[in-house]
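Line by line, the protein sequences give chains A and B. Mapping the first sequence onto our numbering, position 497 (from 1) lands on 497, and the numbers just tick up by one. Mapping the second sequence onto our numbering, position 353 (from 1) lands on 353, and the numbers just tick up by one.
Be aware that one or more of the hints could be misleading.
Claimed, not checked - Estimated spans, in silico, between C-beta atoms of each pair:
hint: 1; chain 1: B; residue 1: 113; chain 2: A; residue 2: 182; range: 53 to 59 Å
hint: 2; chain 1: B; residue 1: 113; chain 2: A; residue 2: 464; range: 19 to 25 Å
hint: 3; chain 1: A; residue 1: 182; chain 2: B; residue 2: 308; range: 42 to 48 Å
hint: 4; chain 1: B; residue 1: 357; chain 2: A; residue 2: 182; range: 32 to 38 Å
hint: 5; chain 1: A; residue 1: 286; chain 2: B; residue 2: 199; range: 45 to 51 Å
hint: 6; chain 1: A; residue 1: 41; chain 2: B; residue 2: 37; range: 43 to 49 Å
hint: 7; chain 1: B; residue 1: 359; chain 2: A; residue 2: 286; range: 54 to 60 Å
hint: 8; chain 1: A; residue 1: 197; chain 2: B; residue 2: 352; range: 34 to 40 Å
hint: 9; chain 1: B; residue 1: 190; chain 2: A; residue 2: 370; range: 28 to 34 Å
Don't read these hints as lab results, they were simulated from the structure. All C-beta atoms, glycine included, are put in the ideal place defined by N, C-alpha and C.
Here is how the chains run, residue by residue.
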Amino acid sequence: MATRSVPAVLRGGEGRELPLGLTLLAGAVAAVVLSPLVWVLASALEASGWLDLVTRPTTVRVFVNSALLVGLVTGASIALGVPMAYLTVRTDLPARRSFTVLLAMPLVIPSYIGAFAFVSAFGPRGELRDLLVPLGIEQLPSIYGLFGATLVLTLYTYPYVYITTRASLKSMDGRLVDAARTLQHTRWEAFKRVTVPQIKPAVAAGSLLTALYTLSDFGTPAIMRFDAFTRVIFVEYNDVLGGGRDLAALLSLQLVAVTFVILAVESRVRGSGVETDRTAKGSTVRLGRWRWPAFGLCAALAALALLVPLAILGLWLVRGGGGIGAESLAFRPSYALNSVGVAAIAAVVAACCALPVAYLSARSDASLAWLIERATYVGYAVPGVVMGLALVFFGARYGGALYKQGLILLPLLIFAYVVRFLPQAVGSTRASFLSVSGTLPEAARTLGRTPTRAFRDVVLPLVAPGVLGGAALVFLTTMKELPATLLLRPPEFKTLVTYIWTAQQSGHYGLAAVPALVLLGVSAVSMLVILYVEGYDVE
Amino acid sequence: MSSEDLLRAGRERREVEPPAPEPTGDVVLELDGVSKAYGETPVIEDLSLSVYEGELLTLLGPSGCGKTTTLRLIAGLERPTGGTVRIEGEPVAGGGDAFLPPEERDVGVVFQEFALFPHLTARENVAFGLADRPETERERRVEDLLELVGLTDHGEKYPEALSGGQQQRVALARSLAPEPRLLLLDEPFSNLDVDLRVEMREEVRRILDEAGVTAVSVTHDQEEAMSISDRVAVMYDGQLEQVGAPERVFQQPRSRFVASFLGHASFLAGTVDGDVVRTGLGPVPMERVHGLTAEYDGSDIDVLVRPDDVAARAADGDPNGRVVNRRYLGPTVLYRIELDSGDTIGAMHNHAAEVPLDEPVRVDLAADHDLAWFPRGRRRMADGGRDG
Chain A
1 MATRSVPAVL RGGEGRELPL GLTLLAGAVA AVVLSPLVWV LASALEASGW LDLVTRPTTV
61 RVFVNSALLV GLVTGASIAL GVPMAYLTVR TDLPARRSFT VLLAMPLVIP SYIGAFAFVS
121 AFGPRGELRD LLVPLGIEQL PSIYGLFGAT LVLTLYTYPY VYITTRASLK SMDGRLVDAA
181 RTLQHTRWEA FKRVTVPQIK PAVAAGSLLT ALYTLSDFGT PAIMRFDAFT RVIFVEYNDV
241 LGGGRDLAAL LSLQLVAVTF VILAVESRVR GSGVETDRTA KGSTVRLGRW RWPAFGLCAA
301 LAALALLVPL AILGLWLVRG GGGIGAESLA FRPSYALNSV GVAAIAAVVA ACCALPVAYL
361 SARSDASLAW LIERATYVGY AVPGVVMGLA LVFFGARYGG ALYKQGLILL PLLIFAYVVR
421 FLPQAVGSTR ASFLSVSGTL PEAARTLGRT PTRAFRDVVL PLVAPGVLGG AALVFLTTMK
481 ELPATLLLRP PEFKTLVTYI WTAQQSGHYG LAAVPALVLL GVSAVSMLVI LYVEGYDVE
Chain B
1 MSSEDLLRAG RERREVEPPA PEPTGDVVLE LDGVSKAYGE TPVIEDLSLS VYEGELLTLL
61 GPSGCGKTTT LRLIAGLERP TGGTVRIEGE PVAGGGDAFL PPEERDVGVV FQEFALFPHL
121 TARENVAFGL ADRPETERER RVEDLLELVG LTDHGEKYPE ALSGGQQQRV ALARSLAPEP
181 RLLLLDEPFS NLDVDLRVEM REEVRRILDE AGVTAVSVTH DQEEAMSISD RVAVMYDGQL
241 EQVGAPERVF QQPRSRFVAS FLGHASFLAG TVDGDVVRTG LGPVPMERVH GLTAEYDGSD
301 IDVLVRPDDV AARAADGDPN GRVVNRRYLG PTVLYRIELD SGDTIGAMHN HAAEVPLDEP
361 VRVDLAADHD LAWFPRGRRR MADGGRDG
């Protein structure tokens with residue numbers, strides 16, 4: 001009897017029982033969001049001769065390719081991200097604060113624009129070869145294939161590892177390392193025995209993001225002509241006559257399965273994290289004669305990832321035009337308006353859906369609330385190309401005349417956006433609900449407010465910035481989304497992204513400069529929002 | 001009568017002993033056999049308590065004893081599993097299905113972390129509970145309260161711009177603004193620096209007196225409880241151990257727990273022998289032991305000895321103990337002394353006094369008040385000199 005605990009007093013007494021209306025609402029959101037998985041499964045089960053398809057050499061090859069790509073990109077990202085994080089947090093690296101920002105910047109560039117730029121720069125008829133021809137070099141090693149895809153994806157996803165590792169290095173009590181050194185450990189031993197165990201969960205979390213991004217990215221493998229899941233699914237899907245849709249459906253299911261495996265692995269690694277409250281800064285590591293080589297390394301990385309695409313886009317902008325046959329492809333401002341329009345609708349819908357889910361999971365520790373919240377994260381596990389395909393399957397099957405006339409496509413597209421990016425809205429909204437102490441609405445109630453009015457007068461004003469931040473994130477990521485947009489847009493509906501895609505496919509690279517730069521601007525803003533929401537600081 | 005019967009009789013008798021002057025006046029709050037459980041875990045069992053008009057009663061107990069839960073039951077933030085809560089005679093929880101939600105109870109609460117609304121200024125916070133009053137009246141009331149808590153010049157500041165003490169004043173003003181029938185304070189000083197804490201105690205007491213409000217506060221700090229309360233209710237493990245004026249609860253604790261929780265307590269084993277109690281400190285006259293009568297002749301008892309009830313000095317021929325530990329506390333020194341009888345007791349001395357460590361000493365009773373006692377329990381709780 002002596003060990004009585006008062007379990008949920010701090011969470012608010014009456015709120016512990018799940019409120020029925022709220023639970024139903026959140027449950028409905030979760031169910032709707034999960035539905036595309038049903039269509040993935042259904043379309044795969046309908047595929048004729050699935051056993052034959054699964055064991056076909058193509059299928060095996062695609063799986064191996066994707067695994068290889070994910071492994072290489074994740075490994076390379078850790079190899080780049082962790083040292084860069086350490087250099088910018090713990091050492092006397094020259095221009096440390098500038099690098100802190102510069103090294104995170106590649107995240108601003110959508111990988112398909114990066115891939116596009118790298119192909120233009122280093123491809124068979126690229127800018128670099130044009131520069132080298134006078135020097136007698138006619139042939140460059142091919143940028144296409146595994147090498148190019150790995151290079152581009154690493155350059156644009158290592159910041160995930162870099163940012164999470166930085167955050168964990170900064171939140172770690174620096175005096176722990178000092179303590180280890182007073183216990184006869186060298187700098188390296190201290191790093192291995194004290195720092196590594198502490199930053200491991202953060203590195204794992206960053207690697208998860210990198211791996212998931214790599215696995216689901218459609219643009220880079222497509223542009224680099226590398227047969228990963230996403231590219232093959234897209235190609236097979238378009239091969240209507242060759243019966244490729246069955247294969248596309250099966251590969252989609254496999255891709256989702258692989259994603260879940262990665263998520264499971266990460267959640268195991270994450271469990272080992274140790275939290276410390278004390279965050280005193282330890283002593284700075286002096287790099288000595290390695291100072292300038294380290295500087296060179298950071299500078300080279302930033303230059304490769306940032307300067308190449310910017311230089312290429314600048315070049316296109318200066319040269320302008322797309323040459324012969326490009327008139328019909330000319331860019332129209334309405335494309336940008338289309339982008340903004342669908343993104344805004346997706347953002348509002350996602351924010352509204354996130355509200356009940358986030359509120360429920362922040363206020364209740366019941367397992368049902370946890371389950372509902374987790375269910376809305378399915379968007380992370382369903383790549384855009386799979387989502388697009390699942391909804392096409394759904395539309396064709398049940399949309400009837402609406403689907404044939406293309407009327408249902410735009411709602412489906414927005415639905416795809418909402419499902420894919422809902423986790424961002426839920427995460428941001430939930431965090432802001434958690435930051436509002438449960439005693440605040442209680443205080444309002446003791447001062448005469450009903451539960452509804454307490455929510456409206458006290459909780460809502462306080463979570464508004466988080467809700468807005470979440471909506472802004474959804475808006476900005478929707479602007480950049482490529483594969484689902486390609487699959488689900490109505491025939492005459494063009495956006496910035498589909499326009500860039502068309503320009504790339506048709507070889508009129510110059511046309512892509514303006515929309516690509518606009519997208520870079522959009523991405524930059526979305527980075528700022530993320531950093532604001534997550535409290536990234538430059539110090 | 002066997003000695004067991006005697007002990008039982010003793011216990012019963014002690015419970016019906018004439019009460020200290022209890023507060024009179026109207027009962028504002030009444031808890032009647034209230035219990036609360038989370039699932040299978042009971043937190044409060046059969047708690048009955050009355051709070052009278054104008055008094056400040058403090059629920060005192062270690063963390064996890066159920067005192068905060070009691071407060072939340074009174075406020076309507078939790079539903080009791082059993083029993084009845086009445087405010088001014090009106091049942092607000094229990095007694096059938098009656099449950100009045102917090103917004104209809106007319107009970108003010110000062111929360112532990114103050115729970116000020118961060119998006120509202122101090123003035124708006126104070127006005128929050130006055131939404132249904134006409135504007136002029138509301139403004140006047142807010143002004144009055146800001147003046148009462150001495151924050152007239154800080155009304156436009158947001159909570160984050162206020163110091164801890166100022167935040168507490170705002171919280172107090174906010175909860176007093178709607179003129180509640182009852183004010184609840186949940187660990188009101190735990191969020192303040194030690195220096196500020198003592199100052200705010202006096203200040204809060206002044207404000208409550210000026211507002212003339214009936215209040216129930218909760219704390220785990222016995223010094224705080226005893227210094228501001230009219231009455232103290234000591235809780236342990238979900239039950240009420242003792243209720244009474246601070247002096248009385250301190251000097252005549254009804255249980256060993258209360259004795260130990262309110263300050264250093266040592267228990268001196270003794271045997272009643274005629275008109276004295278034979279102890280390790282020598283015979284103690286029976287009339288010095290509170291409520292001990294001739295019918296206990298021959299029974300074993302424990303006498304409560306606080307560190308300032310005894311005096312130790314270097315033995316000059318007739319030692320009865322040995323100092324085993326010495327803790328320097330600045331103005332005073334606390335000694336832990338092992339008596340030859342086997343008891344361990346604590347003794348408090350002025351910092352100038354010198355009692356030799358690890359040498360025989362002579363310890364005598366030096367109390368100028370009656371000592372409390374308990375029938376011999378299964379476990380002797382000696383706390384002299386250890387952290388309490």
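So which hints don't hold here, by number, going up? Hints 1, 8 contradicted; others consistent.
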